[in-house]
Structures are given as structure tokens and as C-alpha cells.
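Using my numbering, read the sequence shown as starting at 6 and increasing by one per residue.
One should not assume that every hint holds.
[As the list claims (entries may be wrong)] Straight-line C-alpha distance at most 25 Å; calculated DSS-like pairs for lysine-lysine: (1) Lys195 x Lys124; (2) Lys46 x Lys76; (3) Lys124 x Lys76; (4) Lys46 x Lys79; (5) Lys117 x Lys10; (6) Lys137 x Lys156; (7) Lys117 x Lys82; (8) Lys156 x Lys76; (9) Lys123 x Lys79; (10) Lys82 x Lys156; (11) Lys46 x Lys137; (12) Lys137 x Lys111; (13) Lys46 x Lys123; (14) Lys10 x Lys76; (15) Lys156 x Lys10; (16) Lys195 x Lys123.
[Unchecked claim] Across the chosen pairs, the derived CB separations fall in these ranges: (17) Glu219 x Lys124: 25 to 33 Å; (18) Glu210 x Glu54: 45 to 53 Å; (19) Gly66 x Phe201: 14 to 22 Å; (20) Gly160 x Lys124: 29 to 37 Å.
Everything labelled a hint here was simulated from the structure, so no lab data went into it. Backbone N, C-alpha and C define an ideal beta-carbon position, used for all residues, glycine too.
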Amino acid sequence: MLPYKELSISCRTNPDIPPPYSHIYNITVDENPAYLTLSFKLRYTDRDELSEEEILEEGFGPDDDFTWSGKLNKIWKQQLDALLAATRFYNNPSSGGDFTVEVVSKTGTADKREYVSKKEAAGWVYFIQELKQAILESEQLEAPLTIEYLKIGSGPAVHLVLNGSFTSRTFTVRVNDRPVEQLEWPVLQKTINLIFNETEIDYDEAASDTPSAEGYYLMLPGAGWLELGEDIRARFDDIPVLENIVTTMNGFIDGRQA
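Start from the sequences, fold in the hints, and give me the full structure.
Here it is, written out as C-alpha cells:
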């Protein structure tokens with residue numbers, strides 16, 4: 006797939022994914038060594054089969070389609086090129102899985118159409134979701150990611166602030182009044198997955214006031230303070246998620262996540 010003059014990426018949910026969840030991403034990338042220049046479209050499919058009330062009940066809005074054209078930081082082009090180089094492509098789509106990812110490379114004389122394997126599709130979907138977040142930040146439709154952690158025990162409280170900028174793919178950590186420390190982006194990716202994908206979060210219980218009782222707390226985007234074990238619980242019984250979150254945060258506090 007490298008090099009290319011234009012790249013078209015289609016990522017669609019497979020037919021067994023029903024509306025309002027079924028959707029398709031269409032992304033077109035122009036070759037530009039200085040930026041990632043692209044058009045980005047997200048379209049939800051088959052929603053005409055549902056009433057607006059049914060769509061809203063699933064946590065969606067009446068119109069969640071999204072279209073954008075522009076350019077992003079060069080780091081995103083580097084990331085896309087690295088993903089292309091690391092992916093093994095096939096002539097036909099894989100069966101099964103939640104997504105089908107098709108990539109068409111245009112070199113000026115011919116188009117090359119190939120598919121990402123079921124095994125590697127998840128990495129492409131994650132990249133596309135991060136790309137959308139970078140676009141939302143670049144347009145100031147959403148703020149950079151901020152997660153706060155508060156540990157209250159018998160000693161002095163510890164306050165930890167994690168900041169992630171998707172537009173620049175940078176991740177910083179500040180513990181109490183210590184200087185800000187920059188860490189690698191994959192460390193943030195693992196932390197996001199741990200907090201948001203391996204837990205059940207009761208956002209309705211979020212508190213606006215800073216906690217004072219002994220415990221471990223997180224403040225997540227768009228929410229107040231949530232207590233681990235009470236408002237944030239493990240999604241899977243066989244995985245010690247809450248302990249893993251505390252261990253991860255202690256690693257940031259002690260400087261062991263660099």
C-alpha cells in the first residue's frame with residue numbers, strides 16, 4: 006500500500022451488527038509529506054428501520070453522522086504509514102468479526118484494492134476512532150482528554166492529573182505539585198482501555214464536590230468524581246480491574262510508567 010498518491014479506507018460494521026449501532030467510515034487521504042490531509046465521513050446505516058425514540062433509548066442522537074475535511078499533525082501521517090507497513094493485506098475480506106476494513110491505494114496508474122484480516126481489523130478500528138477524536142479536538146468540538154485520580158488514605162491525599170491530546174498524540178502526567186512529566190502515547194492507550202472498556206461506570210452517581218472520605222476516586226470527562234468499587238465496577242468477574250487501575254495510578258505516582 007506504500008507509496009500512494011491517494012488512499013481510500015472503508016470500515017463498515019458487518020451485517021449482523023444491527024441499527025442504531027451499524028455504521029461505516031469512509032476516509033480519503035491525499036499524499037502530503039507535511040500533514041495528514043484527509044476527508045473523513047461517518048455514516049450510521051439502516052436507521053430508517055427504527056423510530057427516533059428507539060435510537061435515543063440506545064444512547065444515540067437523532068443524527069450522529071459526521072463529515073470533515075482538513076489536515077492533521079504530521080504525527081498522524083506517520084502513524085498511518087506505520088499501520089500500513091505493519092498490516093498484512095488480502096485480496097478478499099475475512100469472514101466473521103465485527104468490521105470489514107477495505108483499503109484502496111491509488112498510485113496514478115492503477116488502483117489496488119485489498120482487505121485487512123479479521124485479526125488486524127481491531128487495530129484499524131481503534132486508529133480510526135482516535136483519528137476522529139483528533140478531528141473533534143482540532144475543531145474545538147471536544148476538549149483534550151483529562152482524567153483525574155484522587156487517593157485518600159491515612160496520609161496526605163494524592164492528586165493525579167492525566168492529560169492526553171489526540172491532535173498531537175501527546176500524554177502528560179502531573180502528581181500533586183510536581184513538574185509535568187511526558188509519557189509515551191501507548192501508555193495512555195492502555196490506561197484508557199483499562200478504565201473505559203473493562204469497567205461498568207454509573208455516571209449518575211458522579212459527585213461535583215471533591216471527595217473527603219477515604220477511598221480511590223476518578224474524575225472522567227463530562228462527569229464528576231466517581232468512587233472505585235462503588236460507582237466504577239469491574240465488567241468481568243475474573244479480571245481484577247479495580248486493583249489494576251489502582252496499580253496503574255500508583256505507577257504514575259511513583260514514576261514507574263515512563
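Tested hints:
no. : hint                        : in the structure
1   : Lys195 x Lys124             : holds (19 Å)
2   : Lys46 x Lys76               : holds (14 Å)
3   : Lys124 x Lys76              : violated (29 Å)
4   : Lys46 x Lys79               : holds (20 Å)
5   : Lys117 x Lys10              : holds (12 Å)
6   : Lys137 x Lys156             : violated (32 Å)
7   : Lys117 x Lys82              : holds (20 Å)
8   : Lys156 x Lys76              : violated (40 Å)
9   : Lys123 x Lys79              : violated (28 Å)
10  : Lys82 x Lys156              : violated (38 Å)
11  : Lys46 x Lys137              : holds (9 Å)
12  : Lys137 x Lys111             : holds (23 Å)
13  : Lys46 x Lys123              : holds (22 Å)
14  : Lys10 x Lys76               : holds (16 Å)
15  : Lys156 x Lys10              : violated (51 Å)
16  : Lys195 x Lys123             : holds (21 Å)
17  : Glu219 x Lys124: 25 to 33 Å : violated (44 Å)
18  : Glu210 x Glu54: 45 to 53 Å  : violated (34 Å)
19  : Gly66 x Phe201: 14 to 22 Å  : holds (20 Å)
20  : Gly160 x Lys124: 29 to 37 Å : violated (46 Å)
Hint violations for this structure: numbers 3, 6, 8, 9, 10, 15, 17, 18, 20, all remaining hints satisfied.
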